[in-house]
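Please construct the entire structure, taking both the sequences and the accompanying hints into account.
Numbering follows the numbering used here, with no gaps: position 26 of the sequence shown is 26.
Just so you know, the hints here were simulated from the structure itself, not pulled from any lab data. Quick reminder that beta carbons are idealized off the backbone N, C-alpha and C, glycines included. It is possible that some hints are incorrect.
Each pair of labels, with its calculated beta carbon distance range [said to hold, decoys possible]:
1. 138 - 34: 19 to 27 angstroms
2. 426 - 35: 28 to 36 angstroms
3. 34 - 126: 14 to 22 angstroms
4. 92 - 206: 37 to 45 angstroms
5. 406 - 43: 33 to 41 angstroms
6. 218 - 283: 24 to 32 angstroms
7. 283 - 226: 46 to 54 angstroms
8. 34 - 349: 51 to 59 angstroms
9. 74 - 361: 26 to 34 angstroms
10. 155 - 318: 31 to 39 angstroms
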Amino acid sequence: MTFKKLLAVLLVLVAVPAQAALEITVTGGDVAPLPIALVQFQPTPEVPLDVAQVVENDLVRSGRFKALPRGAMPQTPTAPQAVVTDGWKAAGIDNLVIGQLGKSADGYYARFFLIDTVSGQQLLSHQFSVKSPAQMRTVAHMIADMIYEKLLGIPGYFNTKIAYVAASGYGPARNFQLVVSDSDGEAPRVLATSREPILSPAWAPDRKQLAFVGYNRGRSAVMVYTLATGQVRTLVSEPGLNSSPAWSPDGSKIAVSLSFENNPDIYVIDVASNKRRRLTDHYGIDTEPAWSPDGSKIVFTSDRGGRPQIYEMGAEGGDPRRVTFQGGQNLRASYSPDGKSLALVNADGGRFRIGLLDLASGGLKLLSDGPQDEGPQFAPGGAVVIYATQGRAGGAELATVSVDGRVRTRLRQAADIKEPAWSPVVR
Numbered sequence: 001m002t003f004k005k006l007l008a009v010l011l012v013l014v015a016v017p018a019q020a021a022l023e024i025t026v027t028g029g030d031v032a033p034l035p036i037a038l039v040q041f042q043p044t045p046e047v048p049l050d051v052a053q054v055v056e057n058d059l060v061r062s063g064r065f066k067a068l069p070r071g072a073m074p075q076t077p078t079a080p081q082a083v084v085t086d087g088w089k090a091a092g093i094d095n096l097v098i099g100q101l102g103k104s105a106d107g108y109y110a111r112f113f114l115i116d117t118v119s120g121q122q123l124l125s126h127q128f129s130v131k132s133p134a135q136m137r138t139v140a141h142m143i144a145d146m147i148y149e150k151l152l153g154i155p156g157y158f159n160t161k162i163a164y165v166a167a168s169g170y171g172p173a174r175n176f177q178l179v180v181s182d183s184d185g186e187a188p189r190v191l192a193t194s195r196e197p198i199l200s201p202a203w204a205p206d207r208k209q210l211a212f213v214g215y216n217r218g219r220s221a222v223m224v225y226t227l228a229t230g231q232v233r234t235l236v237s238e239p240g241l242n243s244s245p246a247w248s249p250d251g252s253k254i255a256v257s258l259s260f261e262n263n264p265d266i267y268v269i270d271v272a273s274n275k276r277r278r279l280t281d282h283y284g285i286d287t288e289p290a291w292s293p294d295g296s297k298i299v300f301t302s303d304r305g306g307r308p309q310i311y312e313m314g315a316e317g318g319d320p321r322r323v324t325f326q327g328g329q330n331l332r333a334s335y336s337p338d339g340k341s342l343a344l345v346n347a348d349g350g351r352f353r354i355g356l357l358d359l360a361s362g363g364l365k366l367l368s369d370g371p372q373d374e375g376p377q378f379a380p381g382g383a384v385v386i387y388a389t390q391g392r393a394g395g396a397e398l399a400t401v402s403v404d405g406r407v408r409t410r411l412r413q414a415a416d417i418k419e420p421a422w423s424p425v426v427r
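In structure tokens, the structure reads:
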């Protein structure tokens, strides 16, 4: 946890080997998972991916579903008319997913059906068309999203991306990489590598760009990476601290913390013109801004009251109000998608834990155990928070926790991984 971190990072953009995929496991929770069966989709040689298995993995790793093993399935239908509901009901399965894969005149298709075995009714059916078999993994995540929302009433978050920083090696051989992967840790793509730390990746609302903090010859800079082209643009690199980029909901502005005029304060930079506007002017340290979903407010961390706490102000500036009071420190807040709560880091008694603050009541609920948890962000839909934590082997890894605190997962890798940023859903 580095409230006053000033680092010297030389950022290098190069072609590098692919990063290993994250290993994701459900580590806790007392939710009774919903039984479901996913039959292998009718295969085709042109589509080697087991789409149903990817969908199953997504749902099971959410902690909300328990899948029937394929060896225990009473039948393996691929079309609704072939489903015999009695066998599935006897196996305790109320929800069944079947489907087909195939080649079409202009590409490939995946068709799926979600069937209520009690009533025999189709709850969902949809056909996806893609140009390449490589796109079927995305299709699988989209199917998982649709099933998750239909059965739980909560928007799914599987067809999203996670950006994170992976560190490996020791001493002079220490290496840092900015990585983007699918939400399940698969298909990792290294965007940047550096001998010094890379910090604070932040997604643009359209998921086409990432802002992050890098350093060049000892000076920090907020940079913007365009994923389609690999182009990197320096948004701001003033003397002193340039940190904590956060995109506005409409993607036109980025809030940052800059210290070139005095102590670190919050500024808003217009992405198109680079014009900036100062929002705070205080002798304390103001950093880690985050926008409300409607763009009307900004929360930030400040020690203006003596110790770091979370403050909220209008997006045009004005007098901020303190919103956290429980614990010695509160840091790194981000809004829930509905704007009603904040995920944050609560520091008390030497333990840094993830907390959920209800903005209306001021009540704070702790979601993690610590002792070194940091960087919380909501998944799209708001049901899950991702954060960095201390791994069991001593390194850093990512973790998720549901907002009720009952379902937890660990996302681990050989490298230390931290600074997570969950992408928006792009429909």
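Cross-check of the supplied hints:
no. : hint                          : result
1   : 138 - 34: 19 to 27 angstroms  : 24 angstroms, holds
2   : 426 - 35: 28 to 36 angstroms  : 31 angstroms, holds
3   : 34 - 126: 14 to 22 angstroms  : 20 angstroms, holds
4   : 92 - 206: 37 to 45 angstroms  : 43 angstroms, holds
5   : 406 - 43: 33 to 41 angstroms  : 36 angstroms, holds
6   : 218 - 283: 24 to 32 angstroms : 26 angstroms, holds
7   : 283 - 226: 46 to 54 angstroms : 37 angstroms, violated
8   : 34 - 349: 51 to 59 angstroms  : 37 angstroms, violated
9   : 74 - 361: 26 to 34 angstroms  : 49 angstroms, violated
10  : 155 - 318: 31 to 39 angstroms : 33 angstroms, holds
Checked against the numbered hints listed earlier, the structure breaks hints 7, 8, 9; every other hint is satisfied.
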